[in-house]
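**Q** Please model the complete structure; the sequences and the hints are all you need to start from.
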Amino acid sequence: MLFTRKSVRNQQAFALLLSMLVMTVLFIIILEFRWASLLDMKCGANFQKTMLLRNVARAGLAHAVQILRMSEKKYGAGDPWYNYYPGLSLANIFIVNNQEDFQYSISIEDEDGKINLNNLELNEEIIKLWMLFGYTQVRAAAFRDCLLDWLDKDNNHRLNGKEDDYYQTLTPRYHCKNAPMETLEEIFRIAEFNQENKLFFYGQNPKKKKLRDLATVFTGQEKKININTASSDILSIYLDLHTKQIEEIIKSRKFSSYKEDNDLKNLKIEKKDKIKFTSQFFRISIQAEKNDSSLRRYIDAVVHINEKKEVTFLYYLEK
117 MLFTRKSVRN QQAFALLLSM LVMTVLFIII LEFRWASLLD MKCGANFQKT MLLRNVARAG
177 LAHAVQILRM SEKKYGAGDP WYNYYPGLSL ANIFIVNNQE DFQYSISIED EDGKINLNNL
237 ELNEEIIKLW MLFGYTQVRA AAFRDCLLDW LDKDNNHRLN GKEDDYYQTL TPRYHCKNAP
297 METLEEIFRI AEFNQENKLF FYGQNPKKKK LRDLATVFTG QEKKININTA SSDILSIYLD
357 LHTKQIEEII KSRKFSSYKE DNDLKNLKIE KKDKIKFTSQ FFRISIQAEK NDSSLRRYID
417 AVVHINEKKE VTFLYYLEK
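If you're matching positions, the sequence shown starts at 117 in the working numbering and goes up one per residue.
Please note that the accuracy of each hint is not assured.
Stated by the list, open to error - Quick list of in silico lysine-lysine cross-link-like pairs, DSS-like style, CA-CA up to 25 Å: (1) 384 with 360; (2) 189 with 424; (3) 390 with 189; (4) 339 with 384; (5) 244 with 384; (6) 339 with 325; (7) 370 with 189; (8) 324 with 314; (9) 293 with 269; (10) 269 with 339; (11) 323 with 367.
What the hints assert, rightly or not - Simulated restraints, written as ranges between beta carbons of each label pair: (12) 269 with 407: 51 to 61 Å; (13) 428 with 301: 16 to 26 Å; (14) 423 with 287: 43 to 53 Å; (15) 388 with 299: 25 to 35 Å; (16) 428 with 388: 28 to 38 Å; (17) 145 with 182: 52 to 62 Å; (18) 269 with 299: 11 to 21 Å; (19) 288 with 410: 32 to 42 Å; (20) 382 with 288: 52 to 62 Å; (21) 422 with 372: 18 to 28 Å; (22) 356 with 435: 31 to 41 Å; (23) 199 with 145: 57 to 67 Å.
Derived by calculation from the structure, the hints in this document are not laboratory data.
Glycine residues also receive a C-beta, built at the ideal position from the N, C-alpha and C atoms.
**A** Here it is in structure tokens:
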């Protein structure tokens, strides 16, 4: 077969083009492989850091529990655990490994210093609490009735309450619980509590109050609050104290805790039957981090520690 000079040149050009195309494809494949390898390495490294952070966070939780178990009776100021109370300007960051730069922080809140929403004897207290979030007295009273109907065992409606016949008309329908709440978030399943309320109770209200800071559902049927850890709002709402009494309590307990009724004799508190001096229910918050990374690990747990120092976890969330 005879080839002209022109056809030979065309074939050479085609071969060159084909070679360049093959090299380009190979180059792209190599780049993709390299990128995938780097990505796998990065994901592997991040996964390893995540697992390490999980272990660091859990170590922090174990540390916090041990701090709580150090005190025979848990009053407040003067106890080791109180050094980790939110708002105190004390160092609560612990370095785990100087080389890896892992660390965790501890925060311990007293659930016994909050209003127990599972207390069926709540009345004016719950109305005052809801009004603190910016609601009118009429609407707060409706919230109270719906809450108590959700908790009590019967199917009798309070004035503004809702029972099972109402919840069965919803989509999707569900039953009125007629039992104590197990988590604070359960409140948003109750009639009159909608998405707007959720934002209000998470701090988007005129006074920037958060329900979690003022109320609990973890203290069983407890009707008393620990006067050593209750906030000024709770002292006002639950014990009906006036400003001077509250100021005196806040000032005094910075240095030492109240431990018996005799310590309160100068305060002239009328509702002493609603006061106790020690706690057994605590919320622990842990944040673990690596300083040169954006990775974080959080643990939120509620524990009960009895007089024998036995620990029971009532709530646990890790993220």
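**Q** Next step is simple, just say for each hint if it's right about the structure.
**A** Verification of the supplied hints:
no.	hint	result
1	384 with 360	holds (11 Å)
2	189 with 424	holds (10 Å)
3	390 with 189	holds (19 Å)
4	339 with 384	holds (20 Å)
5	244 with 384	holds (22 Å)
6	339 with 325	holds (22 Å)
7	370 with 189	holds (18 Å)
8	324 with 314	holds (13 Å)
9	293 with 269	holds (8 Å)
10	269 with 339	holds (18 Å)
11	323 with 367	holds (23 Å)
12	269 with 407: 51 to 61 Å	holds (52 Å)
13	428 with 301: 16 to 26 Å	holds (20 Å)
14	423 with 287: 43 to 53 Å	holds (48 Å)
15	388 with 299: 25 to 35 Å	holds (31 Å)
16	428 with 388: 28 to 38 Å	holds (29 Å)
17	145 with 182: 52 to 62 Å	holds (55 Å)
18	269 with 299: 11 to 21 Å	holds (20 Å)
19	288 with 410: 32 to 42 Å	holds (38 Å)
20	382 with 288: 52 to 62 Å	holds (56 Å)
21	422 with 372: 18 to 28 Å	holds (24 Å)
22	356 with 435: 31 to 41 Å	holds (39 Å)
23	199 with 145: 57 to 67 Å	holds (59 Å)
Comparing the model with each numbered hint stated earlier shows that all of them hold.
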